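Engineer: Each chain, written out:
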Amino acid sequence: MAKTRDDRSLFAAGMVLGVGLGGFVDGIVFHQLLQVHNMLSARYPKTGVDPAIALANVEINMFWDGMFHAFTWIMTVVGLVLLWNVAQRQRAPLSTRLFVGSLLTGWGAFNLVEGIIDHHLIGIHHVIEGPNHLPWDLAFLGSGIVLLIVGWLIAQPRRGEAGLEMPGRAVAR
Amino acid sequence: MLAMRPWLWLYVIATLLIASPAVACPLCASPTGQQVRAGIATDFGYHLAAIGLPFVVFLLIVYVIHSGWPLKFRRISAPSRSWE
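Protein chains in written order, with our numbering: chain A, 3 to 175; chain B, 250 to 333.
Worth flagging that the hints you see were computed from the coordinates, not collected in a lab. Take these hints with a grain of salt, some might be off.
[As the list claims (entries may be wrong)] Quick list of simulated restraints, FRET-style, between CB atoms:
id : chain 1 : residue 1 : chain 2 : residue 2 : range
1  : A       : Gly144    : B       : Ala298    : 22 to 32 Å
2  : B       : Tyr260    : A       : Ala72     : 15 to 25 Å
3  : B       : Val261    : A       : Leu136    : 39 to 49 Å
4  : B       : Ser279    : A       : Thr98     : 44 to 54 Å
5  : A       : Val38     : B       : Trp256    : 38 to 48 Å
6  : A       : Ala89     : B       : Val305    : 21 to 31 Å
7  : B       : Val306    : A       : Leu35     : 26 to 36 Å
8  : B       : Leu297    : A       : Val38     : 15 to 25 Å
Just so it is clear, the structure is predicted and the values come from calculations on it, not from any experiment. C-beta atoms are modelled at their ideal positions from N, C-alpha and C, and glycine is treated no differently.
Based on the provided sequences and hints, a complete structural model is requested.
Structural biologist: Right, dumping it as C-alpha cells:
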C-alpha cells in the first residue's frame, strides 16, 4: 500500500483528513442532529436532573462540543496541508484507492481511539447516556473497527494494477 | 474598553439585546448563564486534555505509520513520465 515515502505521506494525509471529516460527521449527525454523544454528557447530564440544571448542562456540553469541532477543524487543516505537500511532489503517485482507503482508515482509527479513551478509560461521555450505555459504546467501537478494516482493504493495490500516466504527474488509480 | 470604536459599541449592544432572551448562554448575565460559565470553568484543563487526548494519540499513530514502522506495504507502481 504505501512502501515508498510518497505513498506513506499520502496515506498519512488521508488518515488525518479522515479524522477531520469523520469528526464532522460525528459532530453534525450525533452531537447536533440526534443530540447524543455530547462531550461531557456523563458529567453534565441533560436528563434525570432539574430542568434549570439540565438547561445549563446542555449549554456546557454545547461549549465542549464546540471545542471538539475546533480540534476536528484543526485536523482537517493539518490533513489538507499534508495532502497539499504530497500533491506538490511531481513524482508522487496520487492513488484514489489509497486516498479513499486512508480516509476511512483514519475515521475508523479515530473512532476506536476516541471510544477507548473517552467512553471506556476516562468515561467523560457515552454514545447514549443511561444505564445501558455499554452496547452503544461497543457498537461505536465496532463501527471504528469496520471502517478501519474496510479502509485498509480499499487501500490495498489490486494484483497487476498499473498506474495511469498524466502529463506532469505520475498517477496510480 | 472605553476607547472602543462606535461600530464595536453597536456590536456589543446588539449582542446583549439578542442574547437577553437566551438567558443560558455562556455570555449571558443571568443565573443560568453564571451556572454555565462556572460549569465550563470547572476542571477546564482536565476536560480540554480529555477531549484533546484522542487527537494527540491519533497523530502519534499517524506519525508511526508515516515513519514506516511497523507496516510494510506493497508498492503501487508509479510510472515514470513519458519524456524521461
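Engineer: Give a verdict on every hint.
Structural biologist: Now the hints, each set against the structure:
1. With their beta carbons about 27 Å apart, glycine 144 of chain A and alanine 298 of chain B fall inside the hinted range of 22 to 32 Å.
2. For the pair tyrosine 260 of chain B and alanine 72 of chain A, the supplied restraint of 15 to 25 Å holds, since their beta-carbon distance comes to about 22 Å.
3. The hinted window of 39 to 49 Å between valine 261 of chain B and leucine 136 of chain A holds, with their beta carbons roughly 47 Å apart.
4. About 53 Å separates the C-beta atoms of serine 279 of chain B and threonine 98 of chain A, a value consistent with the hinted range of 44 to 54 Å.
5. Checked against the given bound of 38 to 48 Å, the beta carbons of valine 38 of chain A and tryptophan 256 of chain B, roughly 40 Å apart, stay inside it.
6. Checked against the hint of 21 to 31 Å, the pair alanine 89 of chain A and valine 305 of chain B passes, with Cβ atoms roughly 26 Å apart.
7. Between valine 306 of chain B and leucine 35 of chain A the Cβ separation comes to about 27 Å, which falls inside the hinted range of 26 to 36 Å.
8. Between leucine 297 of chain B and valine 38 of chain A the Cβ separation comes to about 22 Å, which falls inside the hinted range of 15 to 25 Å.
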